[in-house]
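Asker: The residues making up each chain are set out below.
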Amino acid sequence: MDFDFSSLLAFIMFGLTIGVVYGIVALGISLIYSGLDIVHFAHGEVYMFGAFFGLVFSSQMGLPYPLALLAAMISIGLLGIVIERVFYRRLTRSGGGYTVAGMGMIICGFGMSVVLQNIAFLIWGADAEPFPVDLGPALEVGDITLPRSYGLTAIIAVVLMAALHLFLKKTRTGLAVRAVAANKDIAFLMGINVPLMISVIFGLACALAAAAGTLIGPMQSVQVEMGYLMLMKAFAAAVVGGFGSLPGAIIGGLLVGIFENLGAAYISPNHKDIYAFLLLILVLMIRPSGLFGVEVRVKA
Amino acid sequence: MKPHARRLIAGGIVAGVLGALASTALAADIRVGITMRMISENGQKYGQMVMDEIGMINEAGGINGNMIQATLLNDECKSDKGVANANKLIFQEKVHLLIGSTCSSVTLPIVDVTAKAEVPQIIPHSTNEKITKKGSAWVFRVPVSGRYYAGVNAKYVGENIGKRIAYICAADAASQNDCEAMQAQMNSQHGAEAVYVAQVQEKEVDFRTHMQKIKSAGVDGIMIAALAETMARALVQSYEAGIGEEVRRIGSSSASNSPVPAIAGDAAKGVFFAAAYAAADTRPIARLFNEMVRSRYGIHAPDHDFSQAYDLVRIVEIALNRASLSLEDGDLAADRTAIRDAIASVKGYRGLGSGEISFCADPTPQCRDGNRTAVLIAYSKGGEDYVTEVLARVTMPEDFGL
Amino acid sequence: MFRDPPGGCVSAGAGGVGGPAGVMLKVSGLETGYGRVRILRGVDLEVGAGQIVALLGGNGTGKSTLLRAVSGLLPTWEGSIEFDGETIHRLRPDQIVRRGLVQVTQGKDSYPAMTVEENLMLGAHIRAGRREIADDLERIYGFFPRLRERRSQMSGTLSGGEVQMLVIGRGLMARPRLIMLDEPSAALAPKVVLDIFVAINRIRDTGVTVLIVEQNVRMALLLAEYGYIIRDGLILMEGEAKGLLADPNVKSSFLGGSVAGSEDELVH
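Chains as they are written, first to last, in our numbering: chain A, 1 to 300; chain B, 1 to 402; chain C, 1 to 268.
Hints were generated in silico from the structure; no laboratory data involved.
Among the clues, some could well be false.
[Claimed, not checked] One-sided and incomplete, this derived list gives chain C residues near chain A with beta-carbon spacing under 7 Å:
#: 1; residue: P93
#: 2; residue: V97
#: 3; residue: Q103
#: 4; residue: Y111
#: 5; residue: E117
Even for Gly, the Cβ is constructed at its ideal location relative to N, Cα and C.
Full structure from sequences and hints, please.
Answerer: Set out below in structure tokens:
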């Protein structure tokens, strides 16, 4: 099809709006990876729970959308802390401190994913649920139509990232979180309550996933199986950006989002999901540690 | 999140074993195995309806004094589970007849299982053309084949909407078939080439790039061939992209399923599709059926999944009554053959939705695609309390689209 | 002054450690290790308030294991650890730090991806009071002016001596009452080692008790009042630093090479 500039802008906008959401989920995955030394395979389901919680707070309890988002973040954050304390902590401990307990942790993540999916299934059933949010009429920019929800998604995502950045860089707890992520023994010797910080990290990562779910809900409706695809994309984003790197996760998310939309628009409209993984392969061929992966950290 | 309590448990679980309870053990049981998609609220309820209807046959004295013992398994619309269920029902439960499945992707591989095991299979919901083209002598289709739907849709679209059509085709077997057949029909009936075709995942969530492309290409209509929830998302996003109502949205036959208007809301308005049954049907029999489903299962308006499941049970009842069965363990193969031949002898059954359903003995699509009457339906209102209207009812010739 | 390797009868050297009131850290019969491997096989050690005590031994003798156990990073299998009369070996490491017992690890254990100032602020994590922390930061910069110059650099870019100053400064930011230094001279040039040891001496002069773990036996004994020599997870010898320095067994039998090496380096 012929090229026109406003369509290109639209494709980039679509890529950005979905990309920031990939980025937020990837951010959580990276946080957990550096904080707990585990690759959290159940994060897609946490995202799905977040979407349902957002829907419950917004549609059923009638909270305004931003408040529903906040409520979903807080409740899923707390839920995440419970999951970490009750289930993951035993495993991370048995590995000798908070290190990878081999396959056990990976399987535990997959198991948690199945459990969470089935719980959601029992509560909400398999049917997709619409998540109506009325933010007023869409904006017409030239030939492009942009629903306000897209803009709101981008704004909220940027606010969340900025808040996380400030928290990590400017607050004492944030500094402690970074210390725990980098080296737990030394963090202990600084007098940091490492188990508490690990809960904070996990809760934060889950709250971010909940935000992503609540942001995506109005765009894509909410369904028990929605977590899988998001997990795949967020992993792609995290690896593209460099696993464990927080700025990398965001940039990776944006790149995956834009790349897949441009691919679908200009290469072939079919099976758009492969572009995310095409990008992944391309980046890994050029930079095996990802774009922002400073070093290959050996986790043992 | 509807107020109904969901009693569903994941995985393939025997939903109920009826029949044997009601009768004495003097007569032997006719064993019927059912595998269907029981994951959505609808799926659960039409599964329940099949079981209830069989229960009522038993209460009324059964089939020539024999009870039907029905085993219902959930395949979750997953082909591996469907095949496992079919094997279990055929080789473990030793069923005389297999009913299933809902999704074309699941039914297709099961056709091979029943053909090899020589077990009659009667299909409640799958539309993919290949199901009957495989040439199995053991398969019967109650719903309308995709080839008829495509013919009806293409005729209506070409004559009333236009020839510039964009297609969004999801990866499941039914949607792929609907999409391809529609393009072929648009070409052969009107000489129209597809303006834009996008293959998407079965559960695709983001259609915005496609919609933007379609918008800038300028089309008369968009065909969205996908399972209900995916279709609903695509419909919503088509409006978000700013494609106005003057561009008609054409659904594949799953547009008939209630999640489409429920999730798509206002975006469902104006969507039209071909299906086997319209709840808007004003004939007394249809109104009675609507009322029955509404009161028994709390479904606002039954879609064709309900009507087809109901028709299927009636056809099974007719066939079983006609077949002479010994029901001895040693005569399993003979009984299965007798049931197959009895189903093949059903002719002129007056279906709930539309025209007559007839089968015959040849293992060809002409004989085994029993229902040739498609109803063109449009949503005149979306949402949970959606409203449909019937645009047309068309019976196609047997070998149409072959 | 020798102890019998198994069990061992404690013979506290005359005047080594003061009475119970003066004992700040008391390790008794400590056994611990990694996984199932036992590294410490019953260690007794005391550090008196206001002293510098040196724990000496070669690689793999259990020096660092002892520090990790005292800090709470390793569980105590047998025996006990008391700090200021309180049993601490069941506490979490951060709780131990809050009691004023701070371990300073080797320089390579700074946070390389954080700035010098962030590293120092981490040291003050347990403290409240912005003002006092800011004052202490200034004091540390006064102590180690090089750190002030590099305050906003990533600590990964510092030289070996600078990063050692950083981790010591970071430990001091916690306002410890007892600071445990793990091989502050490791892999440093002799001139730098001297600077570090001068700094340690000044730390003691501010009233902080010091337990220093070293391979550089000569330097450590010149600095310390009292010394323990550890080998194979047991305290082999202990005594006044002067006595140990003069002891021919210390020189020749198992630490001789190391001492001689250091002397050579110091001479040149």
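Asker: Next step is simple, just say for each hint if it's right about the structure.
Answerer: Status of the hints after comparison with the structure:
Given hint, C:P93 at the interface with chain A, holds; its Cβ is 4 Å from that chain's nearest Cβ, closer than 7 Å. With its C-beta approaching chain A no nearer than about 3 Å, C:V97 sits inside the 7 Å limit, and its interface hint holds. The closest approach between the C-beta of C:Q103 and any C-beta of chain A is roughly 5 Å, which is under the 7 Å cut-off, so the hint is satisfied. The criterion of a C-beta within 7 Å of any C-beta in chain A is met by C:Y111, whose closest approach is roughly 5 Å, and the hint holds.
Checking C:E117 against chain A: minimum C-beta separation of about 10 Å lies over 7 Å; hint violated.
In summary, the structure is inconsistent with hint 5 from the numbered list given earlier, while agreeing with all the others.
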